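Sequence lines, in order, name chains A and B. Residues are numbered in the working numbering as their position in the first sequence, beginning at 1, plus a constant of 2. Residues are numbered in the working numbering as their position in the second sequence, beginning at 1, plus a constant of 15.
It is worth saying that the hints were derived from the structure and are not from the lab. In this text, all values refer to a predicted model and were calculated from it rather than measured experimentally. Careful, some of the hints might be misleading.
Claimed, not checked - Ranges between beta-carbon positions, derived for each pair:
id	chain 1	residue 1	chain 2	residue 2	range
1	B	Thr-23	A	Ala-289	54 to 62 Å
2	B	Gly-134	A	Ala-289	54 to 62 Å
3	A	Thr-83	B	Ala-229	49 to 57 Å
Unchecked claim - Chain A side only, calculated, beta carbon under 10 Å to chain B, not exhaustive:
id	residue
4	Met-33
5	Ala-34
6	Gly-35
7	Pro-61
8	Ala-68
9	Gly-69
10	Ile-74
11	Asn-78
12	Arg-228
13	Arg-235
14	Thr-268
15	Ala-275
Glycine is no exception: its CB is placed at the ideal position from the N, C-alpha and C atoms.
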Amino acid sequence: MDVDLRVQLGRLALCNPVMVASGTFGYAREMAGLVDLGRLGAIVPKTITRDPRMGNRPPRTVETAAGMLNSIGLDNDGLETFLQKQFPYLAGLGCAIVVSVAGRSHDDFVYLVERLGGVPGIAALELNISCPNVSGGVDFGTDPAMCERVVRGARGVCDLPILAKLTPNVTSVTAIAQAAAGGGADAVSLINTCLGMAVDWRRRRPRLGNVLGGLSGPAIKPIALRAVYQVARAVDIPIIGVGGIASVDDCMEFLVAGASAVQVGTANFYRPAVTMEILDALPGAIAELGASSVAGVVGTLETANGTGGGCPPPAAQGKMDQPITRKSFRYT
Amino acid sequence: MSDWPTATIYPDHAWCGPTEVVENVAIARDTYRVRFGCPQLAAEILPGQFLMLRLAGTDDPLLGRPLAMYDVVLDGGRPWGVDVVYLAVGKLTRRLAACRAGDRLEVWGPLGNGFRPTGAEHLVMIGGGIGQTPFYALGQEALGRSYGRTDRGGRAARRVTLCYGARTAALLAGIDDFRSAGIEVQVATDDGSAGHHGLVSDLIEPLVGGSGPAASLVCCGPEPMLKTVSRIAQRLGVPCQVSLETPMACGMGICFSCVTKVRDGRGGWDYRRTCVEGPVFDAEKIDFD
Numbered sequence: 003m004d005v006d007l008r009v010q011l012g013r014l015a016l017c018n019p020v021m022v023a024s025g026t027f028g029y030a031r032e033m034a035g036l037v038d039l040g041r042l043g044a045i046v047p048k049t050i051t052r053d054p055r056m057g058n059r060p061p062r063t064v065e066t067a068a069g070m071l072n073s074i075g076l077d078n079d080g081l082e083t084f085l086q087k088q089f090p091y092l093a094g095l096g097c098a099i100v101v102s103v104a105g106r107s108h109d110d111f112v113y114l115v116e117r118l119g120g121v122p123g124i125a126a127l128e129l130n131i132s133c134p135n136v137s138g139g140v141d142f143g144t145d146p147a148m149c150e151r152v153v154r155g156a157r158g159v160c161d162l163p164i165l166a167k168l169t170p171n172v173t174s175v176t177a178i179a180q181a182a183a184g185g186g187a188d189a190v191s192l193i194n195t196c197l198g199m200a201v202d203w204r205r206r207r208p209r210l211g212n213v214l215g216g217l218s219g220p221a222i223k224p225i226a227l228r229a230v231y232q233v234a235r236a237v238d239i240p241i242i243g244v245g246g247i248a249s250v251d252d253c254m255e256f257l258v259a260g261a262s263a264v265q266v267g268t269a270n271f272y273r274p275a276v277t278m279e280i281l282d283a284l285p286g287a288i289a290e291l292g293a294s295s296v297a298g299v300v301g302t303l304e305t306a307n308g309t310g311g312g313c314p315p316p317a318a319q320g321k322m323d324q325p326i327t328r329k330s331f332r333y334t
Numbered sequence: 016m017s018d019w020p021t022a023t024i025y026p027d028h029a030w031c032g033p034t035e036v037v038e039n040v041a042i043a044r045d046t047y048r049v050r051f052g053c054p055q056l057a058a059e060i061l062p063g064q065f066l067m068l069r070l071a072g073t074d075d076p077l078l079g080r081p082l083a084m085y086d087v088v089l090d091g092g093r094p095w096g097v098d099v100v101y102l103a104v105g106k107l108t109r110r111l112a113a114c115r116a117g118d119r120l121e122v123w124g125p126l127g128n129g130f131r132p133t134g135a136e137h138l139v140m141i142g143g144g145i146g147q148t149p150f151y152a153l154g155q156e157a158l159g160r161s162y163g164r165t166d167r168g169g170r171a172a173r174r175v176t177l178c179y180g181a182r183t184a185a186l187l188a189g190i191d192d193f194r195s196a197g198i199e200v201q202v203a204t205d206d207g208s209a210g211h212h213g214l215v216s217d218l219i220e221p222l223v224g225g226s227g228p229a230a231s232l233v234c235c236g237p238e239p240m241l242k243t244v245s246r247i248a249q250r251l252g253v254p255c256q257v258s259l260e261t262p263m264a265c266g267m268g269i270c271f272s273c274v275t276k277v278r279d280g281r282g283g284w285d286y287r288r289t290c291v292e293g294p295v296f297d298a299e300k301i302d303f304d
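Build the full structure now, drawing on both the sequences and the hints.
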C-alpha cells in the first residue's frame, strides 16, 4: 500500500514529517557524507542571531543518564555570514529549509524575520523563543503576552510560514502554545530542552562551563510527549514533536499523541543516519495502523475518555488490570 | 603550514554502521586494545584521525566516544578493520573493557584531519597518558609503511622517536609494538618506575636541540603537556603539531561542544570545533591560556 507521507503545517507543506532539529545538525553540510539530505522533510539549521555570538565557555556538553546536557549558548557567526556562507549550500539541497532565529529583544526577532523574509529559498522560519542558554530570548517562551506579540510581530513583517519553538520550562506549555497560535504561528515545535544541571561533587564543580544547561535525548521523551498531547487538545494549529526521538517507534508515538511532524535532535549525534532509518520504516509503521497517510495517524491516541481524551480520573488510577484494547477499554 | 582559519574537514568519506568486537585484550593496567571490522572506514582512515564508537542497543551510555585509530588491520593485504587502544576510565570505556568477541558496537568515521606528513628527517612523537595511541600508525607511516589510503606521499623520516609519559610503568601500553615497528621509545614516568623520573617534555630538548627544521614534533595528551611541549617547540624553532583530547558529543561538527580557543592571526581568538577543524592543530594556533 502506498503511504502518503506529505504533511501540511499551516502554510508550510513538507514532503514528509521527518525534520532535523535546530542545533543538532550543524548547517547540514557536515552531514552530507552520512545522510541523504534531500530525503529529509526539512532541515532546521543551527539557530542564527542578528550578530555573531561566541557561545558559552566549555565544557559545553555533558552526558547524563540516557541524555545529555548542553550549554552551547547559540554559538554562531550571525545572520549575514549565515546568508553568505551557509545558506547557498542549504538552498541547493532540494529539501525544505526552515531557518531558526533567536533574538534578545522583540526588535531583534522582527529584524531577523524581516531580513530573511526577503531571501528566496527559505521554506519557513522557526522562532527559537526557548533556548535556555542565553539571557533574554527565553522570556518570549515563558510569558504568553510576549510570545503572542513576538509571533504577531514576525507575521507582520514576513510572508513566510512562522513556527514557534517552545520551552517545557514553564508552568503551562499550553498557555504559551495558545499565545503562539493567537499571534498567528503556523505551527509550534514542542519541546526545546529541559533546564538541568550536573555536578562533579569531588571537585565541588558544575560539569558545564555555564553551570546550567538543557537536557535532551531519550531521557526527555516522556516530557515531550506529554507536552504534545496537552497542546494538541488545546490549540488548532499543527504541532511538531521534538524530544528524544531516535527511532520510527518514537516518531509514531509523537504522531499518534498529536504531532503532525517530528524533529530528530540529539539522536543525530549518536546515530548519524537515524533519520534515514526512520524514513525507511515510516510507511510500514503507518500502514500497520491501517492508515494510508501521516494525517491518518496524527492525534489518533485513544484514552478512556475517547480520542485525545484527558487524564484518567484519580479514582481509576491503579486499577488498570485489564488489558487495554482499542475502543473497548473503559475504566471500571 | 595552512593559513588561518584552519580547514574544515567534513566527514564526507565517513562510514557509519554496526560492527562486532573481534577481540578485546588488556595490554596494560586499565588499558585495552579492541579490534572490529569496518572495511570502508579502515580504507580511509589516516594517522591522527579518529572514529566515534558506542555500545549498540543501549541508551546509557548514550553518546559515542572519540577514539584514535591505533592500527589498520589488513585481510589479504586489504584494509579490513581497525584497532583502537583505550583507557577504561568512564562509563562507556569501562563497559567496553568487558566486551567480548561478538558484542555489538556502532562506529562512525574517519573523522577530523589527522596529522600532516612532516617530511622531517627526525619525527619526534610525544604522547602523555593515553595520548600515545595515534602514534603507532603515524610512526609506521613516517617510516614508509602506507595506511589504507596511499595518497599522502611525503618523504620518509630517517628516525622516528616516541617520547612516552605515564604516571607509572604499569600504564605503559604497546611499547613492544612501537619498538618492533622500528620506532625508538623513550619513557618518562611521574613516579620513576620506568625511564626518566619526571615529565615527558623533559626528553625533547636533548633529542632535538639544535636540529631546527630537520626535526618535527607531534604531540597528543593532556592539555598542560601540550602547552609545555608547544613552548619548547617554539623556543627551539621546531615545527609542532598538537592533537587535542577535547571531549566531544558527535565528532562530526554538528553539536558545537568540542570547541577550543584557536588564534585568529590578528591577536585574538575564536572558539573553533576540534572535531572538524582538528583534532590536530599547529601548536602556535592554539591559545592554551
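How the hints compare with the structure:
{"no.": "1", "hint": "B:Thr-23 x A:Ala-289: 54 to 62 Å", "verdict": "violated, 42 Å"}
{"no.": "2", "hint": "B:Gly-134 x A:Ala-289: 54 to 62 Å", "verdict": "holds, 60 Å"}
{"no.": "3", "hint": "A:Thr-83 x B:Ala-229: 49 to 57 Å", "verdict": "violated, 42 Å"}
{"no.": "4", "hint": "Met-33", "verdict": "holds, 6 Å"}
{"no.": "5", "hint": "Ala-34", "verdict": "holds, 6 Å"}
{"no.": "6", "hint": "Gly-35", "verdict": "holds, 4 Å"}
{"no.": "7", "hint": "Pro-61", "verdict": "holds, 6 Å"}
{"no.": "8", "hint": "Ala-68", "verdict": "holds, 4 Å"}
{"no.": "9", "hint": "Gly-69", "verdict": "holds, 6 Å"}
{"no.": "10", "hint": "Ile-74", "verdict": "holds, 5 Å"}
{"no.": "11", "hint": "Asn-78", "verdict": "holds, 9 Å"}
{"no.": "12", "hint": "Arg-228", "verdict": "violated, 19 Å"}
{"no.": "13", "hint": "Arg-235", "verdict": "violated, 29 Å"}
{"no.": "14", "hint": "Thr-268", "verdict": "holds, 8 Å"}
{"no.": "15", "hint": "Ala-275", "verdict": "holds, 6 Å"}
Checked against the numbered hints given earlier, the structure breaks hints 1, 3, 12 and 13 and satisfies all the rest.
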